[in-house]
Structure formats: structure tokens, C-alpha cells
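From first to last, the protein sequence lines stand for chains S and G. Read the first sequence against numbering that gives the first Met the number 0 and you will find it ends at 597, with the numbers running on by one and no gaps. Read the second sequence against numbering that gives the first Met the number 0 and you will find it ends at 336, with the numbers running on by one and no gaps.
It is worth saying that the hints were derived from the structure and are not from the lab. Every residue, glycine too, gets a C-beta built ideally from N, C-alpha and C. Where hints are given, some of them may not hold.
So, partial list: chain S residues that the calculated Cβ filter (under 8 Å) puts toward chain G [unchecked claim]:
#	residue
1	P381
2	I513
3	A517
4	F532
Under the rule of at most 30 Å between Cα atoms (straight-line distance), these lysine-lysine pairs were calculated in the DSSO-like manner [to be verified]:
#	chain 1	residue 1	chain 2	residue 2
5	G	K168	S	K530
6	S	K125	G	K312
7	G	K168	S	K165
8	G	K234	G	K312
9	S	K350	S	K125
10	S	K139	S	K125
11	G	K312	S	K165
12	G	K140	G	K5
13	G	K312	S	K530
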Amino acid sequence: MKPYPFSGQKDPILRKWALLLLSACAIPVRAGTGMEVLTQPGIAGTLVLLGIVLFVAVLVIAARVDRLLRTLKRGRNGTNGTGRHARSSYRLQGDELGGTAASDDPRGLVEQAVSEPDIPLVDEKKRSRQRLEVPAELRKLVIWYLAAAVGWLVLGTLVGQYVGMKFVWPDMDQVPWLSFGRLRPVHTNTVFWGWTSLAMIGLGYFVVARTSGTTVHSYRMGWWAWGLINLSVVAGNLCLMAGINNGGGEYREYIWPAMLPFALGLILTFRNFYRTVAARRIGEIYISNWYILAALVWTIVLATIGYLPWYQNGLGETVIQGYYMHQGVGMWFMTFTLGLLYYYLPSALNKPIHSYSLGVLAFWTQMLFYTMIGTHHFVFAPLPWWLQTVAIVFSAGMFIPVVAGTTNFLMTMRGSWRAIGNSYVLPFFLVAVVFYFVGSTQGSLQAFRFTNHLWHFTDFNVAHSHMTMYGIVAFALWACMYAVLPRITGREPSQLLVGAHFWMAFVGLFAYMISLMAGGTIKGLQWMDGKPFVDTVTGTRPFWAWRAIGGSLMFLSHLLFAWNFRTMVRGARTAVPVTGQAVHPDPIIPVRPHAELP
Amino acid sequence: MLNFHKDHRNLVNVALLVFVLLSMGIAIMPASALSDGTQPLPDMPKMTPEQRRGLEVYVAENCAACHTQQVRNIAMDKPWGARPSIPSDYAYSKQRLDVWRASPSVLGSERTGPDLTNVGQRQPGAQWHLLHLYDPRMVVKGSIMPRYGWLFEETAHPAADAVVVPVPKERLSDTAHVVVATPKALDLVAYLTSLRQAPLPDGTAPAFLPSPRGPEKAEQGTGGDAAADGEALFKGTCSACHQSEGQGLAGAFPPLAGSPIVNAEDPTQMLSIVLGGYDARAEYGVMPPQAAQFTDAQIAAVATYVRSHFGNKAPAVEPGAVAPLRAQIAPETLIVP
Chain S
0 MKPYPFSGQK
10 DPILRKWALL
20 LLSACAIPVR
30 AGTGMEVLTQ
40 PGIAGTLVLL
50 GIVLFVAVLV
60 IAARVDRLLR
70 TLKRGRNGTN
80 GTGRHARSSY
90 RLQGDELGGT
100 AASDDPRGLV
110 EQAVSEPDIP
120 LVDEKKRSRQ
130 RLEVPAELRK
140 LVIWYLAAAV
150 GWLVLGTLVG
160 QYVGMKFVWP
170 DMDQVPWLSF
180 GRLRPVHTNT
190 VFWGWTSLAM
200 IGLGYFVVAR
210 TSGTTVHSYR
220 MGWWAWGLIN
230 LSVVAGNLCL
240 MAGINNGGGE
250 YREYIWPAML
260 PFALGLILTF
270 RNFYRTVAAR
280 RIGEIYISNW
290 YILAALVWTI
300 VLATIGYLPW
310 YQNGLGETVI
320 QGYYMHQGVG
330 MWFMTFTLGL
340 LYYYLPSALN
350 KPIHSYSLGV
360 LAFWTQMLFY
370 TMIGTHHFVF
380 APLPWWLQTV
390 AIVFSAGMFI
400 PVVAGTTNFL
410 MTMRGSWRAI
420 GNSYVLPFFL
430 VAVVFYFVGS
440 TQGSLQAFRF
450 TNHLWHFTDF
460 NVAHSHMTMY
470 GIVAFALWAC
480 MYAVLPRITG
490 REPSQLLVGA
500 HFWMAFVGLF
510 AYMISLMAGG
520 TIKGLQWMDG
530 KPFVDTVTGT
540 RPFWAWRAIG
550 GSLMFLSHLL
560 FAWNFRTMVR
570 GARTAVPVTG
580 QAVHPDPIIP
590 VRPHAELP
Chain G
0 MLNFHKDHRN
10 LVNVALLVFV
20 LLSMGIAIMP
30 ASALSDGTQP
40 LPDMPKMTPE
50 QRRGLEVYVA
60 ENCAACHTQQ
70 VRNIAMDKPW
80 GARPSIPSDY
90 AYSKQRLDVW
100 RASPSVLGSE
110 RTGPDLTNVG
120 QRQPGAQWHL
130 LHLYDPRMVV
140 KGSIMPRYGW
150 LFEETAHPAA
160 DAVVVPVPKE
170 RLSDTAHVVV
180 ATPKALDLVA
190 YLTSLRQAPL
200 PDGTAPAFLP
210 SPRGPEKAEQ
220 GTGGDAAADG
230 EALFKGTCSA
240 CHQSEGQGLA
250 GAFPPLAGSP
260 IVNAEDPTQM
270 LSIVLGGYDA
280 RAEYGVMPPQ
290 AAQFTDAQIA
300 AVATYVRSHF
310 GNKAPAVEPG
320 AVAPLRAQIA
330 PETLIVP
């Protein structure tokens with residue numbers, strides 16, 4: 000028998016696996032057992048995507064364990080009994096090579112060498128490379144933006160954790176200001192406008208100034224925007240808890256007088272960034288600035304459309320609601336975060352982004368596809384059928400920018416995989432990039448009509464939004480903050496605590512997502528089968544309990560993160576000042592010639 | 000001309016312009032068409048001032064975080080309404096609230112609690128709603144809805160016109176006290192009980208799309224057109240007050256288990272109460288009439304279910320026994336063949 004072209008002796012195991020996989024797909028599924036759901040493309044796709052995340056997590060853990068084992072093995076070799084104590088207790092005196100004369104160490108090679116890592120449990124990670132000289136005003140501005148963001152993160156997720164617990168213990172309190180309906184938007188708006196927005200803008204200031212090779216246009220404007228945005232979150236939350244909201248449309252629950260300062264803050268920020276980019280010292284506009292400037296412009300338009308009243312009676316409001324809530328995520332958080340990744344990821348790897356053109360392609364397709372898909376939040380609702388169909392079709396089109404972006408980031412990381420094991424920053428980037436692919440693609444699949452039958456209105460939606468806003472955006476922001484803060488303050492966090500932050504956030508998110516996805520799927524199937532509603536509520540309780548457990552881990556990780564942040568900006572015992580030489584332009588800019596582009 | 004890589008002005012302007020154009024097409028224009036081009040149905044009652052204030056309470060407490068108000072055009076939404084929702088259903092409720100607040104986003108995106116499109120039809124009793132708001136778990140055991148205690152007052156001296164909520168005495172801090180509904184609670188209940196789908200002329204309602212799980216599954220829900228399922232009807236409607244085992248709720252809703260009316264050989268009195276409602280006993284809440292909600296077959300099915308469960312042992316009820324009573328008690332609900 001003629002062998003298959005790929006059936007060389009090299010990988011019979013691979014072939015066996017492929018056969019096994021194929022036969023698993025071919026198992027006939029009996030109707031009515033619940034199994035036929037698995038053959039739906041939307042569901043099968045989601046399962047594959049979740050598998051990808053698990054796979055990556057297993058790879059990272061395996062790499063870590065491997066290193067640990069090898070270290071232990073090295074430690075055991077060469078001990079044959081004689082003189083073992085002398086060998087194991089031998090310590091370098093520090094003068095074996097250079098005698099006792101003072102060393103001349105202008106590059107900090109000796110100064111930075113560590114013979115006793117402070118963490119005996121895990122590998123010592125590389126320290127932050129080099130201290131960057133940045134203007135003191137810029138450093139202060141960035142730190143204050145990030146500090147406010149961290150405060151809102153802790154508060155916002157504390158509220159989130161509290162409302163999550165109310166699913167398990169609905170009688171926890173009897174205070175109107177703390178009731179579920181009022182607190183839920185406090186959670187979402189605080190993490191949106193407080194944590195994520197302030198963190199993005201703060202990190203954005205650094206990107207805009209660095210990649211333009213100039214200083215920020217106006218620090219005063221930056222401080223004004225800082226005040227306005229914080230004011231908006233404080234005022235908006237107080238109103239929500241007092242029972243004053245804008246009619247309950249998600250993510251625009253703040254009444255317009257409370258949202259106005261936020262919009263003004265965005266306008267000031269845009270003007271400031273735009274002027275800074277306009278005053279750049281290099282010809283090209285770095286790709287990050289495309290995303291960041293566009294995110295600001297689009298969000299200003301979006302907030303205006305979301306709050307103007309003239310077309311928002313009856314179901315007009317519903318059309319705008321779908322448009323607004325989705326673009327809030329897509330045009331603001333996602334676009335801005337991508338802009339940050341295009342700077343901080345290559346900068347952390349110390350090499351240019353893989354493909355500039357792919358970044359440009361992702362930019363324009365992001366604008367074209369993302370704008371059209373808002374109505375996928377209202378599939379089967381009494382909105383025009385063509386609007387729903389457009390939303391579903393363009394949701395599928397989101398594959399293009401997502402694949403372009405993911406490819407670009409992964410290709411940039413290619414060749415540096417070893418660095419991931421050695422860095423406390425890169426795992427955050429890796430998780431963000433993997434979730435960018437998984438979360439966005441899963442969202443596209445969720446827009447299909449069948450998946451809407453199954454998942455719409457269930458807890459699955461909540462899982463999806465945490466997968467994206469947390470898995471992508473929050474992990475990306477943490478990556479950027481751990482990457483840049485030590486380099487501008489010269490203070491590093493404890494590596495053990497950064498690791499603890501990473502794993503608690505990651506495991507917590509996984510528990511959160513999987514429990515709600517499973518619970519939501521079961522609930523959707525029961526609804527389709529016509530089970531009495533209240534039975535589907537009591538049936539979801541165990542999943543809500545697991546969600547609360549995952550949420551607790553996430554919240555605790557934020558407390559660690561807040562501590563790490565404090566270490567990085569205030570300095571603590573574990574923080575060793577990074578010495579090194581000053582300013583040279585970012586090695587990643589300008590990227591590469593691209594004369595072939597218009 | 001359009002060198003985006005070097006000309007920041009062009010880059011930003013094009014990004015802005017294209018986004019605005021796309022937004023006009025996908026959001027503002029369809030929204031305007033729905034906003035201006037929607038009229039209320041001829042049979043839809045306007046909101047009373049009381050219901051309108053109730054809607055404001057509904058918005059302030061953000062009930063839409065957990066409750067949808069949209070019957071989607073798919074079979075699995077049949078328990079929530081007789082027909083899929085249409086834009087005209089929202090012509091009165093979704094208007095801008097005032098200068099500060101937009102049109103309420105009542106369609107919702109999460110169904111943590113039941114859909115409320117037709118809750119006034121399903122649960123017409125104000126007393127049930129008041130008790131449920133005071134403590135949802137008193138009337139629906141598995142509920143996780145918050146208690147809205149701040150919409151009520153506990154007092155020893157209720158005003159003469161106060162609406163007293165039939166909370167069992169052992170729930171109160173002092174047995175001499177009673178629970179009184181505040182105007183906010185009454186407004187909210189007025190709004191909730193007003194939520195019911197206006198009828199459309201025969202044949203004009205949009206159809207439900209079949210369930211992808213197969214038609215036999217879709218028809219199992221309450222309110223399906225298949226053979227009336229007494230158990231599902233009881234769980235969907237009656238058990239809210241009479242409780243899951245027919246044991247009732249002392250001081251609020253009478254038990255059906257062991258009730259002499261239920262167990263009577265002749266079902267006439269029981270069927271009369273179901274069809275026409277009942278408010279003769281001061282110690283219990285009002286039984287709302289069900290004639291308009293259910294067909295003869297459905298009423299017979301649920302009566303048979305109740306008469307043969309919870310320890311009750313009375314003969315089954317034929318649909319034919321309901322028809323003459325309906326003609327007598329609620330002739331307006333007779334369906335002319």
C-alpha cells in the first residue's frame with residue numbers, strides 16, 4: 000500500500016492523534032441527548048478556543064516546572080560524600096578575581112549581579128533592563144494616572160465581588176444604596192471609566208511622547224483631564240447608588256451631567272496627544288499613535304451619539320444602545336489597548352514589531368468591521384432583521400483584524416519564547432495576546448443565530464465580557480505597567496508578588512469564565528426545553544458559587560497588584576534602584592522603511 | 000495625497016469621517032426611523048400617572064439589570080408572551096424620562112429573572128407583587144431577587160387608607176406591627192401589573208421561529224399550543240401564590256392541599272373561583288380572575304392536576320364542564336367560533 004505523503008516514520012504518533020481526533024468528530028450524535036449542540040460551529044469553535052488558552056497555560060507551567068527540575072538536578076550532581084559540607088558551604092568572597100581594589104563599573108555589571116536571589120522557591124527573573132530618563136513632569140503625570148486607575152480597580156472589583164456574592168446570598172444586606180440593581184452599574188462603570196480608561200490614558204502619555212521623540216504638548220491639560228475623569232466617576236457612582244441613572248442602558252448609566260466631565264477629559268486628552276504627535280521629531284507617525292488618536296476621536300463621537308436625545312425614543316434607543324455598548328468596548332478599550340501593545344510589547348522584547356503593514360491593515364479593518372456589529376446584542380429582538388444580519392456578518396468579519404493583530408504580536412514574540420520564562424512582564428503580554436485571539440473570536444461565534452438561541456440572556460454573556468475586558472485589556476494594561484514603571488522610577492516590585500498576582504488573576508479568571516460558561520449553557524438548554532424558570536435559577540447556584548470563588552481570587556490578585564504598584568512608585572525594601580545609563584532613543588523606533596506604502 | 004504615515008491631520012480626519020459615516024448608516028438612521036416612525040397599537044392603554052411613576056421606580060432600582068422586556072421571535076420565548084414583541088409595544092414606555100435621563104432601556108440584556116413583558120397578565124394580583132417585593136423568597140422559594148424592604152414601612156398604627164401587606168406575623172419584629180406599602184411600592188406594582196401584551200388582530204402577529212432543538216421540545220413550555228399540561232400551568236401561574244406543594248402561605252394565600260372546595264365532588268365552585276376570581280375572606284389575598292388568561296382545556300387541565308395532587312383526591316374535570324360556567328361568569332372571554 001502506498002504510504003500517505005505525511006506518514007513518514009518521523010511522526011506516527013501525530014498521525015495516530017489525528018486519526019483519533021477525526022474519529023471523535025465522526026461519532027454519530029444522537030438527537031435529544033444534548034450532544035448535538037456540540038456539533039454547532041459556534042459551540043465547537045468556542046470549545047476549541049478555550050482549549051487554546053488551557054494549552055498555553057499548560058505550556059507555561061510545563062516550562063516553569065522543567066526549569067525547576069533541572070535546577071534541582073544540577074544541585075544534586077557531583078555530591079559523592081567527601082568534602083560535601085565544605086563544597087556546599089563554600090561562599091564567594093567577592094575578591095577572587097579583582098582582589099580588594101574598588102572596581103570600575105560604569106555599566107553596572109557588577110553592581111547588578113545578584114548571588115543570592117531573594118526567592119528561593121522560584122527562578123530569579125531578569126531585572127528591568129534599563130532606567131529611562133523621562134522628564135520629571137511626565138513621570139509624575141503617568142504615575143498619578145496609573146495610581147488613580149489602581150485605586151478604581153480595587154474599588155470597582157470589590158464592588159464586583161460583592162454583587163457576585165449576592166447571587167449566592169441575596170439577603171446579605173438591606174441597604175438601598177448597596178442593592179444589586181444599583182451596584183451592578185457601579186462595578187461596570189468604575190472598571191470602565193475609572194480603572195481601564197485612566198490606565199490607558201496614563202500609559203498613552205508615555206507612548207505618545209516617546210514615539211514622537213518629543214515632550215508632551217501640555218502637562219496642564221493632562222492634569223485637567225485627570226481631574227475631570229475622576230470627577231465623572233465619583234459623581235456618576237454616587238448618582239447610581241442614590242438611584243439616579245440614565246434609564247439603565249448598559250455602560251451609559253451615568254446621567255449626562257455626570258458623563259460630561261469624562262467627555263471633556265477625552266477632548267482635552269485628544270488635543271494634547273494630537274499636538275504632541277504633530278510636534279514629533281521623526282517623519283513617520285508610529286502605529287501606536289494611529290490607534291490611540293483614533294480611539295480618542297471615535298470615542299468622542301460615540302459618547303456624543305450615545306447621549307444626544309433626538310433619535311432615541313422607542314426602539315431607537317435600543318439601536319443606539321447596541322451600537323454604543325459594543326463600540327464602547329471596541330472603539331475605546333480595544334483600539335486604545337492595541338495601540339499600547341504595539342509599543343510596549345516590542346519595547347519589552349527590545350525589537351521592532353513584526354509587520355508594520357499588518358498593523359495598518361488591522362487598524363482600518365477594525366474601524367470598518369467593529370463599527371457595524373452593535374446590534375448583535377439584540378438578535379431576535381424586535382429590531383429590523385437587516386440590522387441584525389449586518390451585525391452577524393460583520394461580527395464574522397472581525398476575524399480579519401483579530402487574526403492580523405494576533406499574528407503580528409505572536410510573530411514579534413517569536414524567537415523570544417525563552418525570554419518569557421525569564422521575565423515577569425512577558426507572561427502578562429502572552430495572556431493578553433492569546434485572549435485577544437480567543438476572546439474576540441469567541442465573541443464573533445457568539446453572534447451567530449444558533450449561539451444566540453443558546454447563550455443570549457444567560458450568564459454566558461458575563462463570562463464573555465470578563466474574558467475580553469479582563470483577559471485582554473486588564474492583562475495588557477498590567478503588562479504595560481510592569482514593563483514601564485520600573486524603567487521610569489528605577490524601582491522593581493517583588494518578583495514573587497508579581498508572580499502571585501499573575502497566577503491568582505489567571506486562575507481566578509479561568510474559574511470565573513468556565514463556571515459561568517457551563518452554567519449559562521445548561522441554563523440556555525433548559526430554557527429551550529421549556530423547564531420552569533425558577534428551576535433554572537436554582538440550578539445555576541453552584542456555578543454562581545464557583546464564579547464568586549474565581550472572583551475572590553481575581554480581587555485578591557488586585558490587592559497584590561496595588562502593593563506591587565506602591566513598591567514600584569514609592570520604593571520599599573525589596574526594590575533595588577536600577578542604575579544604568581541615560582537616554583537613548585527607543586530602539587524600536589523608527590521601525591523599518593516602508594517606502595512601498597503610499 | 001493621503002499619506003497617513005506622515006500626515007497626522009489626514010489620518011485623524013479620515014478616521015473620523017469614515018467612522019461618522021458608518022455610524023450614521025448603522026445607528027443614527029435606523030434609530031431615527033424607529034424613533035419617529037413608531038405608533039402605539041390602537042388597543043394599547045396609555046400609561047396612568049401612577050404607572051408612569053412606577054416606571055421611574057423600576058428605572059431607579061435598575062430592574063433591567065436582571066429582567067428583560069422582550070419576547071424574541073423564537074419558540075423558547077413562548078412562555079413570556081403570546082406573540083413576539085413588536086416596536087409599537089414600546090411606544091408609551093420608551094419615551095425620554097426627562098431632561099436628565101434618556102428613554103429607559105427596558106429591553107435588557109440579561110434574564111437573571113423572568114421576562115416581564117406580560118407579567119401583568121401572569122401575575123395580576125397586587126398583593127402577590129407587594130409580598131414578592133417585600134421578600135421574594137416568601138413567595139418563590141428559589142428566588143435570588145433582592146428584597147426591597149425600603150419600599151415598605153413597619154408600623155403599629157397604619158393610616159386608615161394604608162395598604163397593608165399580608166406578611167405573616169412571625170416575620171415581624173413585633174407582632175403588634177403591620178407592614179404598609181409606601182406610595183413607591185404601590186406605583187411600582189401599578190406599573191408591573193399594567194405590563195401585558197396588547198392583542199393584535201388575528202394573523203398579523205409575527206410568527207415564532209422554531210427551536211433548533213426540534214419542535215417537540217419547544218412545545219413543552221407553558222403556554223404552548225399542545226395538549227394542556229396541568230402541571231406546567233400550575234407551576235407557571237398558580238404556584239406563585241399557592242406555593243409549589245399547594246400548601247399556601249399562612250396569612251396571605253390559602254392552601255389548596257386538603258381544601259374542601261378543591262376536594263368537592265362537584266367542581267363548580269372551584270371552577271367559578273378560578274374563572275371569576277375570589278375576594279371573600281379577609282385573612283387571605285385576592286384571587287384574580289383567570290378566564291381571560293386560559294382556554295377551557297387549560298383550566299380543566301390545571302383543575303384536574305390540583306384535584307389529584309398534594310394529597311387531594313377528587314375526580315378529574317372535563318373541558319366541557321368549564322364552558323357553561325365561562326358563559327355565565329365571564330361571557331366577554333367566550334371565543335366565538
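Here is how each hint holds up against the structure:
Proximity of P381/S to chain G holds as hinted, the smallest CB-CB distance being about 5 Å (cut-off 8 Å). Interface restraint check for I513/S: the shortest CB-CB distance to chain G comes to about 19 Å, outside 8 Å, so the restraint is violated. Look at A517/S: its Cβ only gets to about 16 Å from chain G, farther than 8 Å, so that hint breaks. A least Cβ separation of about 5 Å between F532/S and chain G falls short of the 8 Å threshold, and the interface hint therefore holds.
Annotation: proposed proximity of K168/G to K530/S is violated, straight-line Cα distance about 34 Å (limit 30 Å). Our distance criterion of 30 Å between C-alpha atoms is broken by K125/S and K312/G, whose separation comes to about 79 Å. For the hint linking K168/G to K165/S, the alpha-carbon distance of about 27 Å falls within 30 Å, and the restraint holds. At most 30 Å may separate the alpha-carbon atoms for a hinted pair to count; K234/G and K312/G meet this at roughly 19 Å.
In summary, the hint linking K350/S to K125/S is supported, as the alpha carbons are separated by about 17 Å, within the 30 Å threshold. In summary, the hint linking K139/S to K125/S is supported, as the alpha carbons are separated by about 26 Å, within the 30 Å threshold. At most 30 Å may separate the alpha-carbon atoms for a hinted pair to count; K312/G and K165/S exceed this at roughly 42 Å. Restraint check: the Cα-Cα separation between K140/G and K5/G comes to about 66 Å, which exceeds 30 Å; the hinted pair is violated.
A distance of roughly 27 Å separates the Cα atoms of K312/G and K530/S; the hinted pair therefore holds under the 30 Å criterion.
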